[in-house]
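Engineer: In case you want the letters, here they are:
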Amino acid sequence: MVILALDTATAVVTAGIVDLETSRTLASRATPDAHKHAEVLSSHVRDCLNELSLAFTDIEAVVVGAGPGPFTGLRVGMASGAVFANALGRPLYTACTLDAIALTAATELNEPFLVATDARRREVYWSIHSATGAPLTSPGVAKPSYLRTWLDGDVPDIGPGQPPVGIDQPISMSVPRKAVGAGAVLHADSLGYADAMAVDPMPLALAQVAAAKIAAKAPNDALTPLYLRRPDAVAPNGNKSVLP
Amino acid sequence: MTIVMGIETSCDETGVGLVQDGKLLGDALASSMAEHAIFGGVVPEIAARAHLQAIVPCVQQALHKADLDLRDVGAIAVTTGPGLASSLQIGMAAAKAYAVTLGVPLFAVHHLAGHAAADTLAHGPLPAQCVALIVSGGHTSLLTLRDLAVDRINHIGDTRDDAAGEAFDKVARILGLPYPGGPSIDAAAAKGDPHAFKFPRALTGPGQPKYAFSFSGLKTAVARTVEKMQLKGQPVPVEDIAASFQEAVADVLTSKAILACQEYGAAELIVVGGVAANSRVRALAQERCDAVGVELRVPPIRLCTDNGAMIAAVGDLLVRAGAKPASLNISTTPSVQLEYASLA
Numbered sequence: 001m002v003i004l005a006l007d008t009a010t011a012v013v014t015a016g017i018v019d020l021e022t023s024r025t026l027a028s029r030a031t032p033d034a035h036k037h038a039e040v041l042s043s044h045v046r047d048c049l050n051e052l053s054l055a056f057t058d059i060e061a062v063v064v065g066a067g068p069g070p071f072t073g074l075r076v077g078m079a080s081g082a083v084f085a086n087a088l089g090r091p092l093y094t095a096c097t098l099d100a101i102a103l104t105a106a107t108e109l110n111e112p113f114l115v116a117t118d119a120r121r122r123e124v125y126w127s128i129h130s131a132t133g134a135p136l137t138s139p140g141v142a143k144p145s146y147l148r149t150w151l152d153g154d155v156p157d158i159g160p161g162q163p164p165v166g167i168d169q170p171i172s173m174s175v176p177r178k179a180v181g182a183g184a185v186l187h188a189d190s191l192g193y194a195d196a197m198a199v200d201p202m203p204l205a206l207a208q209v210a211a212a213k214i215a216a217k218a219p220n221d222a223l224t225p226l227y228l229r230r231p232d233a234v235a236p237n238g239n240k241s242v243l244p
Numbered sequence: 245m246t247i248v249m250g251i252e253t254s255c256d257e258t259g260v261g262l263v264q265d266g267k268l269l270g271d272a273l274a275s276s277m278a279e280h281a282i283f284g285g286v287v288p289e290i291a292a293r294a295h296l297q298a299i300v301p302c303v304q305q306a307l308h309k310a311d312l313d314l315r316d317v318g319a320i321a322v323t324t325g326p327g328l329a330s331s332l333q334i335g336m337a338a339a340k341a342y343a344v345t346l347g348v349p350l351f352a353v354h355h356l357a358g359h360a361a362a363d364t365l366a367h368g369p370l371p372a373q374c375v376a377l378i379v380s381g382g383h384t385s386l387l388t389l390r391d392l393a394v395d396r397i398n399h400i401g402d403t404r405d406d407a408a409g410e411a412f413d414k415v416a417r418i419l420g421l422p423y424p425g426g427p428s429i430d431a432a433a434a435k436g437d438p439h440a441f442k443f444p445r446a447l448t449g450p451g452q453p454k455y456a457f458s459f460s461g462l463k464t465a466v467a468r469t470v471e472k473m474q475l476k477g478q479p480v481p482v483e484d485i486a487a488s489f490q491e492a493v494a495d496v497l498t499s500k501a502i503l504a505c506q507e508y509g510a511a512e513l514i515v516v517g518g519v520a521a522n523s524r525v526r527a528l529a530q531e532r533c534d535a536v537g538v539e540l541r542v543p544p545i546r547l548c549t550d551n552g553a554m555i556a557a558v559g560d561l562l563v564r565a566g567a568k569p570a571s572l573n574i575s576t577t578p579s580v581q582l583e584y585a586s587l588a
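Top line first, the protein sequences correspond to chains A and B. No gaps in the numbering here: position 79 of the first sequence is 79 in this note's numbering, and each next residue is one more. Just remember that this note's numbering sits 244 ahead of the position in the second sequence, which is counted from 1.
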């Protein structure tokens, strides 16, 4: 089955054509530029098809990474994925980007591990995965130091503002000794994973995360990005005085 | 003739329109306005989240209304600026994906050129030369237009601070009227006396720039009037203040537009943008155009506010003029000045 897989939830703008039956990546393109998501994604798709001499109509399903990821970039992939599926009349499925990273990382690691991507604002999107890459927690977002405190068995004391997600209850599993992802590398010190390994979301892994839905010919997934944070807007209270 | 699908996501409206040879075949609009009301203005992140949900359904609805299939679309036009950065990205990403999948050219369109082109869908082609007053929540500009598809657009005046529509929103808040301010002030003003308060007409004195606008001082004048009354414990005559404020805005906008028509020898004035939906702006523009023999063109209200049809209208003009399509790698330009309708 020929699947178009996209992800823009990290700084790497990724598109690829994969064959799920043979678990092969037929063609892929990736641009590591956090400010070029909307610029290059559609070109990447076109270039992959051209490389394979495939037509758009050869694509049987579209899989898009649903994050979590920085919002503006994340939406580029989701909007594009929705349009590709709509224009082709093919199903659209979403895959958690952290799960896709975990699936790739699990081929290298044979123990549970932490996945962390860069959430900007000196925070990470994170989740914990089993040795096979299966998620053991829901995706969360937190400052690396708070996440470390939580991994150490405490519930961190958080001030006002946007609450961190996923660390408000004590950890209920053994603490992973390994960490992967660009966020884990960027914050290796404060997370306490000196040997963190950079792993990006790959098209084949995205398709594999959605494989059960694809095989079952499930109805289209809702276009629901994993934002994890609210918009920052605050409702105004009263007018400012303009008199001297 | 090519059917052009236009996509507009520069602010809080997701708009899709289908235009062929100057005719609107179908369109669809989704707005996140209600979600912004408690904030008193558009919140970019809320707008962008709504665009993502609305974009494909709007395309489907516009096609349905036009009784067309996606395969009938021969070109895509999209607003790539100016506008809210995160909102523009949704429309551009969607437009690129449609263009590359359908194998059709992509045209990058300036949002303000779209406002000017909207009137062609209601009243036919623009004359060889005219003056356009574009007034919305984000823009207040006086332009001279020639051939919108090919000629450089001449800016003869812009606002120096707040856009006219922004002043409506801010004054509405001062008066305790709901967001968006345009319709709520219009409704309150209908029951008020437009001459009850003498609010300033900025940049209209001798020696001042003839075509520049400023609405920040007007807004502050309203705020001072209201605050003084509140301090004295007097009731605030909301309807009279709304009417007097609206009169000041309409007076400045239309007097400068008429002056421009006379100086640039334009026989037609186009008034477009969200503020062109204001009843007093429309009435006063008509009165003053009639007095000097200028023909006034104002599109119906649903084409005045942001919509996808106006972007498709520009795309249609560009296609017919043989304009160069945009690269698939084009970027959005959130603060681009209007020089040409095409941003390719």
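Rather than coming from a laboratory, the hints here were simulated on the basis of the structure. Computed from a prediction, not measured in an experiment: that's the story for all the values here. Cβ coordinates follow ideal geometry from the N, Cα and C atoms, glycine included. Treat the hints with care, as some may be off.
[Claimed, not checked] Here are the simulated DSS-like pairs of lysine-lysine, each with C-alpha atoms no more than 30 Å apart in a straight line:
(1) B/267 x B/472
(2) A/240 x B/309
(3) B/435 x B/472
(4) A/240 x B/472
(5) A/240 x B/442
(6) A/36 x B/568
(7) B/267 x A/240
[Stated by the list, open to error] Among chain B residues calculated to face chain A with C-beta under 7 Å, some are:
(8) 283
(9) 289
(10) 299
(11) 312
(12) 314
(13) 334
(14) 340
(15) 348
(16) 421
(17) 423
(18) 427
(19) 428
(20) 473
[To be verified] Just the calculated beta-carbon pair ranges, DEER-fashion:
(21) B/277 x A/160: 51 to 57 Å
(22) B/309 x A/51: 51 to 57 Å
(23) A/32 x B/451: 41 to 47 Å
(24) B/309 x A/234: 34 to 40 Å
(25) A/122 x B/439: 32 to 38 Å
(26) A/47 x B/565: 50 to 56 Å
(27) B/472 x A/160: 20 to 26 Å
(28) A/240 x B/431: 36 to 42 Å
(29) B/431 x A/163: 37 to 43 Å
(30) A/163 x B/329: 41 to 47 Å
(31) B/578 x A/171: 39 to 45 Å
(32) A/238 x B/308: 22 to 28 Å
Engineer: A separate judgement is required for each hint: does it hold in the structure or not?
Structural biologist: Going down the list of hints, with the structure as the test:
At roughly 52 Å between alpha-carbon atoms, residue 267 of chain B and residue 472 of chain B are farther apart than 30 Å, so this suggested pair is violated. The straight-line distance between the Cα atoms of residue 240 of chain A and residue 309 of chain B is roughly 46 Å, outside the 30 Å bound, and the hint therefore fails. The straight-line distance between the Cα atoms of residue 435 of chain B and residue 472 of chain B is roughly 22 Å, inside the 30 Å bound, and the hint therefore holds. Taking the CA atoms of residue 240 of chain A and residue 472 of chain B, the gap is about 13 Å. The hint holds against a cut of 30 Å.
Proximity of residue 240 of chain A to residue 442 of chain B is assessed by CA-CA distance (about 22 Å); at most 30 Å being required, the pair is judged to hold. Between residue 36 of chain A and residue 568 of chain B, the direct Cα distance comes to roughly 23 Å. Compliance with the 30 Å bound is thereby established for this hinted pair. Of the pairs offered as hints, the one joining residue 267 of chain B and residue 240 of chain A is violated, with about 47 Å between alpha carbons and a cut-off of 30 Å exceeded. Hint on residue 283 of chain B holds. Least Cβ distance to chain A is approximately 5 Å, under the 7 Å limit.
Interface hint at residue 289 of chain B: satisfied, since its Cβ lies 4 Å from the closest Cβ of chain A, which is below the 7 Å cut-off. Annotation: interface hint on residue 299 of chain B holds; nearest CB of chain A at approximately 6 Å, less than 7 Å. For the restraint placing residue 312 of chain B at the interface with chain A, the shortest Cβ-Cβ distance is roughly 14 Å, beyond the 7 Å limit, so the hint is violated. Here the hint on residue 314 of chain B is kept, as its CB sits about 6 Å from the closest CB of chain A, short of 7 Å.
Of the supplied interface hints, the one on residue 334 of chain B holds, with its beta-carbon coming within about 5 Å of a beta-carbon of chain A, less than 7 Å. Restraint check, residue 340 of chain B versus chain A: the minimum CB separation of about 4 Å is within 7 Å; hint holds. The closest approach between the C-beta of residue 348 of chain B and any C-beta of chain A is roughly 11 Å, which is over the 7 Å cut-off, so the hint fails. At about 12 Å, the closest approach between the beta carbon of residue 421 of chain B and any beta carbon in chain A exceeds 7 Å, and the interface hint on this residue is violated.
The interface hint given for residue 423 of chain B is violated, since its Cβ lies 11 Å from the closest Cβ of chain A, which is over the 7 Å cut-off. Contact between residue 427 of chain B and chain A, as hinted, is not supported at the beta carbon level, the nearest pair being about 20 Å apart and thus beyond 7 Å. Restraint check, residue 428 of chain B versus chain A: the minimum CB separation of about 16 Å is more than 7 Å; hint violated. This hint is violated: residue 473 of chain B has a C-beta 11 Å from the nearest C-beta of chain A, more than the 7 Å allowed.
Taken as a hint, the range 51 to 57 Å is violated for the pair residue 277 of chain B and residue 160 of chain A, whose Cβ atoms sit roughly 29 Å apart. Evaluation of the 51 to 57 Å hint for residue 309 of chain B and residue 51 of chain A yields a failure: the beta carbon distance comes to about 38 Å. Checked against the hint of 41 to 47 Å, the C-beta distance between residue 32 of chain A and residue 451 of chain B comes to roughly 56 Å, which is inconsistent with it. Distance hint check for residue 309 of chain B and residue 234 of chain A: the Cβ-Cβ separation is about 38 Å, which falls inside the suggested range of 34 to 40 Å.
Evaluation of the 32 to 38 Å hint for residue 122 of chain A and residue 439 of chain B yields a failure: the beta carbon distance comes to about 57 Å. A C-beta distance of roughly 30 Å is found between residue 47 of chain A and residue 565 of chain B, which places it outside the suggested range of 50 to 56 Å. For residue 472 of chain B and residue 160 of chain A, the hinted distance range of 20 to 26 Å is not satisfied, since their beta carbons lie about 36 Å from each other. Range check, residue 240 of chain A to residue 431 of chain B: Cβ separation about 25 Å, and the 36 to 42 Å hint is violated.
For residue 431 of chain B and residue 163 of chain A, the hinted distance range of 37 to 43 Å is satisfied, since their beta carbons lie about 41 Å from each other. Between residue 163 of chain A and residue 329 of chain B the beta carbons are some 27 Å apart, a value that contradicts the proposed interval 41 to 47 Å. For residue 578 of chain B and residue 171 of chain A, the hinted distance range of 39 to 45 Å is satisfied, since their beta carbons lie about 42 Å from each other. Between residue 238 of chain A and residue 308 of chain B the C-beta distance comes to about 45 Å, which lies outside the given range of 22 to 28 Å.
Of the hints listed earlier, those the structure fails to meet are numbers 1, 2, 7, 11, 15, 16, 17, 18, 19, 20, 21, 22, 23, 25, 26, 27, 28, 30, 32, in rising order.
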